[in-house]
Structures are given as C-alpha cells and as structure tokens.
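Asker: The residues making up each chain are set out below.
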Amino acid sequence: DTAVSQTPKYLVTQMGNDKSIKCEQNLGHDTMYWYKQDSKKFLKIMFSYNNKELIINETVPNRFSPKSPDKAHLNLHINSLELGDSAVYFCASSPHFAMNTEAFFGQGTRLTVV
Amino acid sequence: GDSVTQMEGPVTLSEEAFLTINCTYTATGYPSLFWYVQYPGEGLQLLLKATKADDKGSNKGFEATYRKETTSFHLEKGSVQVSDSAVYFCALIPNQAGTALIFGKGTTLSVSS
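Order-wise, the sequence lines are chains E and P. For the first sequence, position 49 (counting from the first letter as 1) is numbered 815 according to our numbering, and the numbering increases by one without interruption. For the second sequence, position 50 (counting from the first letter as 1) is numbered 1335 according to our numbering, and the numbering increases by one without interruption.
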C-alpha cells in the first residue's frame, strides 16, 4: 500500500485553466503539507494542515487554495494557471505538527502549463 | 531565518569511490537534521536523520553526524554504487511546533561504472 499517494502524476494544461491535485495518506498522520519543487530542484513549503486546520501558509499567490476534507486528505486547487506555475508539487505527511519529525513524501505531480 | 546550505553539484564519481556531500545549517535552538534522496522521476525518501548533537544517522552505507559546534551534517559513504546516482537533499526542522522541513538546494550525484 502506498503511504502518501498523489493524483495525477502528470498534468499538462493551458494557461488560464483551473486544476486540482489530490493527496491521500494512509499513515494515520495528523499533519499534511504541500511543497513546490522548481526546475532547479529547490523545494519550498507552501502549506501545511494539522487535522484539517491550516498551520502554515507561506507567501503563495492566492490562486493556490488548499483544502483538507479530513486529516487523511489534502488537495491543492490552482486557479488561472500561469506558465510560472510549472513545477513538481509534492504532498507529504508527518505524525503531528508539534513533533518535529521527518515527513513522508508522495511521488509528486509534474505540472506543465503551456 | 533558519536555512540549510549544501555543496553545489553535480558530483561525479566512479563506482567504489568515497563520497562526501557537505551540509551546514543556520538555526536557532536545536533542530533535527535529515538527509533525503530523490531518485529520477520519484519522490523524496528519507535516507537518515539525527535529532540531537553528536547523533550519527546511518542507512544503506550512508552516514552523517550532527555536529553542533560546526553546525554541520555532512553525508558520507565509503564506496558508492551506480545505483546511488540521485539528488541528495539536506534538511532541518526547527525545534518548535508548527514548522516544516527546510531544504538545501540539493546535490546531484552521478556514479559511473
């Protein structure tokens, strides 16, 4: 069983479209994250949720909106996609935001905006 | 703010060579330190970790020691294999609630036979 799974793995879309990436974890963790990896492989935190509550909201355009229907799911919706949004987006989870442990990552979603 | 600096790549080695990837950090307090590995087309996998000063993390022949006096967490392996070719990320998480992993820029390792 995959611990942290994201769908889709690849997403190619046109500028201006709206798209969503879904993430699910079956580890029983309380905290989930979205990271963005740019073309130079640099990883930056975007959001984190703990048990459906927003904990971290970095400086990200408000076209990006995370949604956590329950603690096992954290989806990322992106409105009005721009060329600069092209990147690999990683979902991750960790046991609890107060425990400061490692995070477990999904396989990533490669978003290409054309 | 807290940050991680790791050596620029790419690092190119022959099989069975010794590997060192340098990593230093800036943080207030006592962060936990990690090395993650990303194989081509895959997500990040935890390679090893250390949670306090002088701890040594080890896994699959890789080692790193948490050195508070030099704020370093260098990754080493005595004999690399072609299958070790990947991108290696040093990371820290601050010792306070509600934070997330902070990554270095990654070092690409290429091992040839």
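Just so you know, not all the hints are guaranteed correct.
[Unchecked claim] Calculated lysine to any residue pairs in the SDA-like style (CA-CA distance at most 20 angstroms, straight line):
id	chain 1	residue 1	chain 2	residue 2
1	E	K810	P	A1302
2	E	K806	P	N1380
3	E	K775	E	L820
4	E	K810	P	N1344
5	E	K806	P	N1344
6	E	K785	E	K802
7	E	K785	E	P861
8	P	K1390	P	G1286
9	P	K1390	E	P774
10	E	K807	P	M1292
11	P	K1390	E	I811
12	E	K837	E	K806
13	P	K1390	E	S805
The hints are simulated quantities; they were obtained by calculation from the structure and are not laboratory data.
Asker: Kindly indicate which numbered hints from before are broken by the structure, ordering the numbers from low to high.
Answerer: Failing hints, ascending: 1, 2, 3, 4, 5, 7, 9, 12.
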